[in-house]
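A.B. asks: Once you have looked at the hints, place chain B on chain A.
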Amino acid sequence: MSADSIRVRLNGEDREVPGGLSVRALLESLDLTPDLIVVERNRDILKRDDYADVTVVEGDVLELVHFVGGG
Amino acid sequence: MTDLATDPLTDTPFVVGGREFASRLVVGTGKYRSNQEMVDAIRASGTDCVTVAVRRVDLDRSKEEGILHHLDAAEFFLLANTAGCYTAEDAIRYARLARAAGFNEFLKLEVIGDQETLLPDVAATIEAAKVLSDEGFKVMAYTNDDLITALKLEDAGCVAVMPLASPIGSGLGVVNPYFIREIKRRLEVPVLVDAGVGTASDACVTMEQGVDGILINTAIAAADDAVRMATAMKLAVEAGRHAYLAGRMPSRELAVPSSPTTGMLD
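Those protein sequences? They're chains A and B, same order as listed.
Residue 1 is where the first sequence starts when you use my numbering, and the numbers rise one by one after that.
Residue 1 is where the second sequence starts when you use my numbering, and the numbers rise one by one after that.
Chain A with its partners taken away, still in its complex shape (with noise of 0.2 angstroms):
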């Protein structure tokens, strides 16, 4: 891992993540469609629209949501 990876908490779990990147790059990253995501960041929902404008920052606790199959 790099020297400016960041550590996050991401659904649930301890993950390193390079620093600096956009909530839309992290998607993009993890094979993630932004469109069809939602993000909860530290219990806040981002708009979508803002997804390319946050960066993660050290010690987020980021909850990435979409829609499954349900009665």
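FYI, nobody ran anything at the bench for these hints, they're computed from the structure.
Backbone N, C-alpha and C fix where the C-beta goes; we use that ideal spot for every residue, glycine too.
Only true hints are included.
Quick look at which bits of chain A chain B covers, simulated, 3 or more residues with Cβ under 8 angstroms:
#1 7-13
#2 29-41
#3 55-65
C.D. replies: Using the frame of chain A, we list chain B on its own:
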């Protein structure tokens, strides 16, 4: 008399929260054996509204498995649920996440009170319904077959109240048709029966109680042939609705001949 007198097949539009739906059958998208089977069954059901759940993306999967990779959101109205939530706080959190997905403000509110029976926590459901209705959600609340709770949910601002026929996934059918009828009779908002239907006859009996609609998932998904069961449910919902509108004959525990009793040979 209404138009029914002149055209026996007319029906009032099925409108929930200001939106008109073409089908009185809402179908869940859970538990199908494959995504293709799910899509085929939903199409066969004739529904234009499907429920979906909000869950974490599985980061360890090689491929994203969101349902919208398989289901066209332009073809079906997406009704997000709060399934799996056990507190009002959790349900509110899931509801907000669902709305942020950007499709609509409708929500199937569900707050479960017991893991074994999956019966609803009605106090928490009412509490969450108030908060979410105030936030502009169009709340369709899953609840018990209890009239007082149903009235409180209507007061809380719900656009529809959805009493269970019997426990979720049980397939027991309508265990208390009398209470379902009473809820329908007393509420002004639409009443949809949600949960417990096992097969087509259950769906038909449910609709015969006069409710506005019905939500079915497991009975379709768990049938050996989900597509055929979805077809059966479509017909059963239509049959039950027609039977209700037609007005059934009184039942009696005495035989009454249908053929003339006169004109018999000596």
